[in-house]
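A.B. asks: Heads up: the sequence shown begins at 1 in the numbering used here, then just goes up one per residue.
It is possible that part of the hints are untrue.
[Unchecked claim] Cβ pair distances, simulated, as ranges:
#1 Pro91 / Pro317: 53 to 59 Å
#2 Arg444 / Cys292: 17 to 23 Å
#3 Asp376 / Ala258: 45 to 51 Å
#4 Arg119 / Ala258: 45 to 51 Å
#5 Gln445 / Glu356: 33 to 39 Å
#6 Ala312 / Arg444: 18 to 24 Å
#7 Arg298 / Arg80: 50 to 56 Å
#8 Asp225 / Pro334: 30 to 36 Å
#9 Gln445 / Pro152: 35 to 41 Å
#10 Pro94 / Gly259: 53 to 59 Å
#11 Pro513 / Ala258: 47 to 53 Å
#12 Glu356 / Pro247: 40 to 46 Å
#13 Gly44 / Ala447: 44 to 50 Å
Quick caveat, the hints were computed from the structure, so don't treat them as lab data. Idealized CB from N, CA, C, for every residue including glycine.
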Amino acid sequence: MTPRTAETTAHPAERAADRAAAHTLLSCYLREVAAPDGAADTLGGRLRIRLPHLGLTLSCRLARVSPVLAHRYVGPVHCRQTAGSTPRRHPALPEPPATDTPVDGGQLARLLAAELAARTGLANDEFVEQVLGSRDALAALLRRRPPSDPTPTGDPVVDSYVDSEQSLVHGHPHHPSPKWRSGDPASWGRYAPELRSTFRLSWLAVPAELVAGDGPVDELIAPLDPPAAPPGHHLLPVHPWQLTLMPPADPRLRQLGAGGVPIRPTASVRTLYAPSVDLFLKTSLHVRITNCLRKNARYELAGAVALTRFLATVPLPGRVGLLREPGYRTVDLPGADEAYGTILRTGVCEHLRPGERVVLAAALAAAPLTVPDPFDWWRDYVELLVPTVLRLWLDHGVIHEAHLQNVLVVLDPDGRPVRLILRDLEGLKLDLGRLAAWPERVPRQAAYTPAQAARRVIYCLFVNHLAGLAGALADGHPGAEPRLWQTVRRAVETAYTQLDEPAELTPLLDGTPLAAKANLLVRWHRAADQQAPYVAVPNPLGGAG
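When you get a sec, could you build the whole thing from the sequences and use the hints?
C.D. replies: Set out below in structure tokens:
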């Protein structure tokens, strides 16, 4: 008799969330632990992962086998005693199962936590809590997500773009707790992009002598229809959630309440978009989302404007644009500078021509992608993305974090990619081995060694971005993935020739394994995100022979 698990007895939203959480957790464990340990195999359309310290084997049916271990799973995760092992009891299971037995997300999280504890000699009492918190947050989103946008602007181009930003209900497919957020869901629900939320900014009036900033901030925020500033004060837009979390302690900071044009949260939660004026605001938000507190450190505020000025001197291909970050403002008081710092970012409309629309690349990768000719579509896409990222790095020492959430795709009326837009300067780094001189006023936190630069480009461009989008195309067009990676190889070969055969690209073409960020392991070790380890994954580009 099959045991009744949480999955078999729950509401449909809970069941869907539990299944998604289990698949995501299994995917992380495969890439970061089981595959490097040689404890996984794929046979007969099923993945099997051995947990040697527990004497158990996990398995799940595969809808698609990925050459970079980004498989698509279907159905429940099963567990059974490993043949020849000594039966061991574990609190997550009533008894060591002798046959394939379904396990829900909670049971899987506890089993993997026990295996990791035995493997590493470390305990982590918050790991299971975060995985289950993410699962429960996803269930809440699935229950509460409106079927359509309740507050559209009426502009189909703008509304399509906002929909793409607010469509990432399941989150990062290779993070063990992609929807975990600190705080009560009752507090964050009204600000959740996945719930198609709309709200208005909160405003602080800051005495002129306490204002720090750079760039034309007053000019940029004027179209937001802010309240009037009292004499001797400057306006500072703040995320309304932040003011509930961290109300100003200094009485000189005056709260003016909520006001201005409607604001839509984007995929990053704390970056807000004002559709009516086509402006982004990257706000500070003292909430842990996945790994990090999402606050703007002082060096990030100043660095955004300094990097914008520097990048104006770096040529981009004609069909690639950049969302600039020309201004910031904060409070020049210890603590308050990171609590209320806001970066202004230019909008998307200047990059569009009549008949075109723009979508977030991550939204394209979040579901099966069906296009009339996947190979032509993919060739156009790859020829926009790959040469741009590689040339910026190898010719100019600029490393854009070109992962799926940092690239916007401009589509023509037929849905073909015709331009790309890069965004978010927080993660932009400069390769010390490729930079002629350090740019003025750019913080040294933006410096990468050549080895760090190569690893970050390989992960963001190939493992996160191209693998994610190739997988979505292969889900929509089964069997297409090997040919898609051949196209990527040809693009790298062309770049290798055009860039005078840089040594940094030789490992890619020789079949050296790629580097993938280990989100599960950094969570298990409770380390800062900047200290995340990287693991090797197979290189689908093939070797020189």
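A.B. asks: Would you mind marking each hint as holding or not holding in the structure?
C.D. replies: Hints and how they fare:
1. A C-beta distance of roughly 56 Å is found between Pro91 and Pro317, which places it inside the suggested range of 53 to 59 Å.
2. Between Arg444 and Cys292 the Cβ separation comes to about 20 Å, which falls inside the hinted range of 17 to 23 Å.
3. At about 48 Å, the beta-carbon gap between Asp376 and Ala258 stays in the expected band of 45 to 51 Å.
4. For Arg119 paired with Ala258, a C-beta distance near 49 Å keeps the hint of 45 to 51 Å intact.
5. A hinted range of 33 to 39 Å for the beta carbons of Gln445 and Glu356 is consistent with their spacing of about 36 Å.
6. Against the hinted window of 18 to 24 Å, the Cβ-Cβ separation of Ala312 and Arg444 comes to about 21 Å, which satisfies the hint.
7. Judged by the Cβ atoms, the range 50 to 56 Å given for Arg298 and Arg80 holds: they are separated by roughly 54 Å.
8. The hint said 30 to 36 Å for the Cβ distance between Asp225 and Pro334, and at roughly 32 Å that hint holds.
9. One distance hint, 35 to 41 Å for the beta-carbon pair Gln445 and Pro152, holds here, with the actual separation near 40 Å.
10. Against the hinted window of 53 to 59 Å, the Cβ-Cβ separation of Pro94 and Gly259 comes to about 57 Å, which satisfies the hint.
11. Pro513 and Ala258 have their C-beta atoms about 50 Å apart, which keeps the hinted 47 to 53 Å range intact.
12. At roughly 43 Å, the beta-carbon separation of Glu356 and Pro247 lies within the given 40 to 46 Å, and the hint holds.
13. Range check, Gly44 to Ala447: about 49 Å between beta-carbon atoms, so the 44 to 50 Å window is met.
Violated hints are absent here; each numbered hint is respected by the structure.
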